[in-house]
Amino acid sequence: MSSELVTLAQRYVLESRIAGGGMASVWRARDEVLARTVAIKILHPHLSEDDQFLERF
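Add 81 to the 1-based position in the sequence shown for the numbering used here, that's all there is to it.
To be clear, the hints were calculated from the coordinates, so they are not data collected in a lab. Honestly, I wouldn't trust all of these hints.
[Unchecked claim] Straight-line distance between alpha carbons at most 16 Å, and here's what the computed EDC-like set of lysine to aspartate or glutamate pairs gives:
| # | residue 1 | residue 2 |
| --- | --- | --- |
| 1 | 122 | 96 |
| 2 | 122 | 112 |
| 3 | 122 | 136 |
[Said to hold, decoys possible] Cβ-Cβ distance ranges computed for the label pairs, FRET-style:
| # | residue 1 | residue 2 | range |
| --- | --- | --- | --- |
| 4 | 85 | 117 | 28 to 34 Å |
| 5 | 86 | 137 | 26 to 32 Å |
| 6 | 133 | 97 | 19 to 25 Å |
Every residue, glycine too, gets a C-beta built ideally from N, C-alpha and C.
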């Protein structure tokens, strides 16, 4: 990840990647609304195109 922080949904600022696997990556993030640290799971792009998989996720 570059030195620029990524913000999701105008709320979560991704800080660092914690873990990853075959389905998703888990990121440490800052919830700007609640002012606390959270974990965000982000589905790998190739799986996000599968509607059945998205339902299970």
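Hints, verified against the model:
1. 122 / 96: 13 Å, holds
2. 122 / 112: Given pair residue 122, residue 112 holds - Cα atoms ~14 Å apart, limit 16 Å.
3. 122 / 136: 15 Å, holds
4. 85 / 117: 28 to 34 Å: Hint violated: Cβ distance 22 Å, outside 28 to 34 Å.
5. 86 / 137: 26 to 32 Å: Because 30 Å falls inside the window, the suggested range holds.
6. 133 / 97: 19 to 25 Å: 31 Å, violated
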